[in-house]
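Enquirer: Okay, here's what each chain looks like letter by letter:
Number of protein chains: 2
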Amino acid sequence: MAINLSNLFNSINKNSKMGDFQDLDHIDGVSISTTCANLYSKNRDDLVMFYFRKGANHASVYTQSKLISENIRWNLKINKKKIKALLINTRNANAFTGKEGFKGLKILAENLSQELTQKQKIDEQKPEKIQPNEILFSCTGTIGEMFPTEKIKKNIPELIKKIKYTQNKYIWVKAALGILTTDLKPKLAMEECYIGNKLVKIYGIAKGSGMIFPNMATTLGFVFTDATISSSILKQLLKENIQKTFNAISCDGDTSTNDMVSIFATGEVSNSNLNSSKDNKLSDFNSSLFRVLLNLAKRVAADGEGASKFITIKVKNCKTESDAKKISFSIANSPLVKTAIAGEDPNWGRVIMAIGKANVNLNSKKLFIKFGDITIVENGKLATSYNEDEAANYMKEEKIDITVNLNSGKKEFTAYTMDLTKKYIEINSDYRT
Amino acid sequence: MAINLSNLFNSINKNSKMGDFQDLDHIDGVSISTTCANLYSKNRDDLVMFYFRKGANHASVYTQSKLISENIRWNLKINKKKIKALLINTRNANAFTGKEGFKGLKILAENLSQELTQKQKIDEQKPEKIQPNEILFSCTGTIGEMFPTEKIKKNIPELIKKIKYTQNKYIWVKAALGILTTDLKPKLAMEECYIGNKLVKIYGIAKGSGMIFPNMATTLGFVFTDATISSSILKQLLKENIQKTFNAISCDGDTSTNDMVSIFATGEVSNSNLNSSKDNKLSDFNSSLFRVLLNLAKRVAADGEGASKFITIKVKNCKTESDAKKISFSIANSPLVKTAIAGEDPNWGRVIMAIGKANVNLNSKKLFIKFGDITIVENGKLATSYNEDEAANYMKEEKIDITVNLNSGKKEFTAYTMDLTKKYIEINSDYRT
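Protein chains in written order, with our numbering: chain B, 1 to 433; chain W, 1001 to 1433.
By construction, these hints were calculated from the structure, which means they are not laboratory data.
Fair warning: this is a prediction, and the values are worked out from it, not measured in the lab.
Honestly, I wouldn't trust all of these hints.
[To be verified] Calculated cross-link-like contacts (lysine-lysine; reagent style DSBU-like; alpha-carbon spacing at most 35 Å):
| hint | chain 1 | residue 1 | chain 2 | residue 2 |
| --- | --- | --- | --- | --- |
| 1 | B | K235 | B | K121 |
| 2 | B | K80 | B | K129 |
| 3 | W | K1399 | W | K1244 |
| 4 | W | K1154 | B | K422 |
| 5 | B | K326 | W | K1366 |
| 6 | B | K66 | W | K1066 |
| 7 | W | K1154 | W | K1198 |
| 8 | B | K77 | W | K1185 |
| 9 | W | K1066 | B | K411 |
| 10 | W | K1370 | B | K365 |
| 11 | B | K99 | W | K1244 |
| 12 | W | K1326 | B | K42 |
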């Protein structure tokens, strides 16, 4: 890439609507390579490989779509506890590409496993053969176009050549940039925490943009830790933490064929044995993992296609969490709410509309609505203190918080989304041209 | 209104994307008045009254929202079999206006019923008093603003003054224009049909624009017939025919607090007695009513906010109608499909995405997709005959037909929608300013 990464890095870190992100650095057992396979017409990295020299335990959650991409189909067949590499390509979703699309992945897996076996032999004098079914794939981009197997295969030697056993903050940003499609900003997050008395790292990158609802959509999220955690415990931790993070964001109500969020544990830190995901020793790790996932998920929502504002919708004091979720997503997915926010119009009537259509029984007389700290509706009526100018002023902020209080229970849910702008239409009506 | 209705009428009739509409004319027992109560800052009719001098049997279907407007609350309390008038105002939805909003309707109903009683006494020497609970209300516009009771009340004498007992095509267009909010075009439809050997008329007008899903949303639809049909039969006919007409359209997935579709029968034509909605003598009327409702519903979709294209989505050969409906609305409500169509991009991958996210089990190998007459997907793969240029050329049409064939059953559903354009964002981010 012909850009100055150091400058880019500083400008990203300064200008993010979501606040700065911390530097990701070296994490034992993870090697990152990126390259440009010319999948886009423009010159940018579009292939990213994560290589786990000692293997990694892993767990993933995938799209709920009934039409899944070929790489998801491939990954679902992987039954190895440890995998050796994850290869991510952009521009082509490898969805609805049929047998040829799946065969393409097989060719790539065979080639990549051979090349990695070779590399391992030279660098580490390890004779073990890496198998094709130790490779995971992640694809994102246009659906239904022929999968560019040959273009990708041609660039595998380059990816291998670039493997370094020590990572730095720049290679993480390159990886986060390399997996983007129409996103504008790379998304990175990190935490450090303890398992027993051992300090471990949790690093993550993500991509999002359109099709972000529900259950992740075109979201890709990859989280890495040097902790020693089994695949089954990783699976449990990921499933629990995804609900209020990646499954709490919405861009446009569309869902992709390719979603995946994965976690990889290299086991380089020898922490104490863990019995289950509920093991007390995991409590710090668990909350840190939640923060990494939430941080990434929020960055995905904030950078949703055409977004000019980041919107947090908290629905509280409901009878059930499901009620709270229905209402928060009804608001988060309402084009009328989202366009009003784009227009900086405190059109709270549309929030009422979205609450009403959520199919949740409620007592309108108990309803409270706030925009930021401004009470809009109290006891089901326009607040006596309501001042349109004050509300209009609040709508100029870049982060908009909407709080809905049903005063009928103790459950809550928070959804994250962005406004709906002309830019969204521009991006999506011109996507392929 | 300072416009030449005759010119307007001709230009509307010539330019409609939905084809010409036929002239609505006189229908016995219906009187229409329209006036400008200055509810908008601009000079336009915003109050429309339908007066039924001999009363009318009636039936309505209303929004499914859990937060309904005050006029819907009023209408739901009406238990009179015959009503005397329907008053429609725009600009203000009378939703979330609380006790004051409801009280405003009471004041208007009392005033209007008195004035109509007076009118009846003078014109027809009828001594019967018209009651407030013989008046129905329909409101559309902004939610949560104080209901302009006084402004409307002041204009009731004008509405009364304008009552004529013979209608013509111009007054129907004025009525259809007077109920619009952000719609661009008046929506009218008509049929004539037989009940037994008696010719009867079915006339209808509608408004739509945003918030058009599901179950009608900000749609208002009013249908009038001179047939003699009981309110209970009208109710049954309306409920049956609404499913594949007004409940088959979607604009943006939003649902209003104010939706209502009503049918009124003046009983001026003495057709033979009817036993039930299944009475054989009603078969011609039933299919004519369906055509009127479908015609209006399509016009609503075609004039959805910012629409540049009218889209018909037919999903066929499904196991259940519910499956077909889920898939058709998943496509109809997908912002990514709708923006692609706005961009005239045959991005069929997004149709795949929308099918996949509909949560319907399907065999992708049996899937066929057509755009117009062009086969895009056959047996779950890109058609061998597929030619991107040909498809791109088709996307330039104003009417786009998408057919999805699951080849797994015999049920089908057709949804109607429009594309998603920058204009939609413009309309909805500037709505109140």
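Enquirer: Each hint: holds or not?
Expert: Verification of the hints:
| no. | hint | result |
| --- | --- | --- |
| 1 | B:K235 - B:K121 | holds, 31 Å |
| 2 | B:K80 - B:K129 | holds, 14 Å |
| 3 | W:K1399 - W:K1244 | holds, 19 Å |
| 4 | W:K1154 - B:K422 | violated, 41 Å |
| 5 | B:K326 - W:K1366 | holds, 33 Å |
| 6 | B:K66 - W:K1066 | holds, 31 Å |
| 7 | W:K1154 - W:K1198 | violated, 41 Å |
| 8 | B:K77 - W:K1185 | violated, 55 Å |
| 9 | W:K1066 - B:K411 | holds, 19 Å |
| 10 | W:K1370 - B:K365 | violated, 49 Å |
| 11 | B:K99 - W:K1244 | violated, 38 Å |
| 12 | W:K1326 - B:K42 | violated, 39 Å |
When held up to the earlier numbered hints, the structure conflicts with 4, 7, 8, 10, 11 and 12 and fits the remainder.
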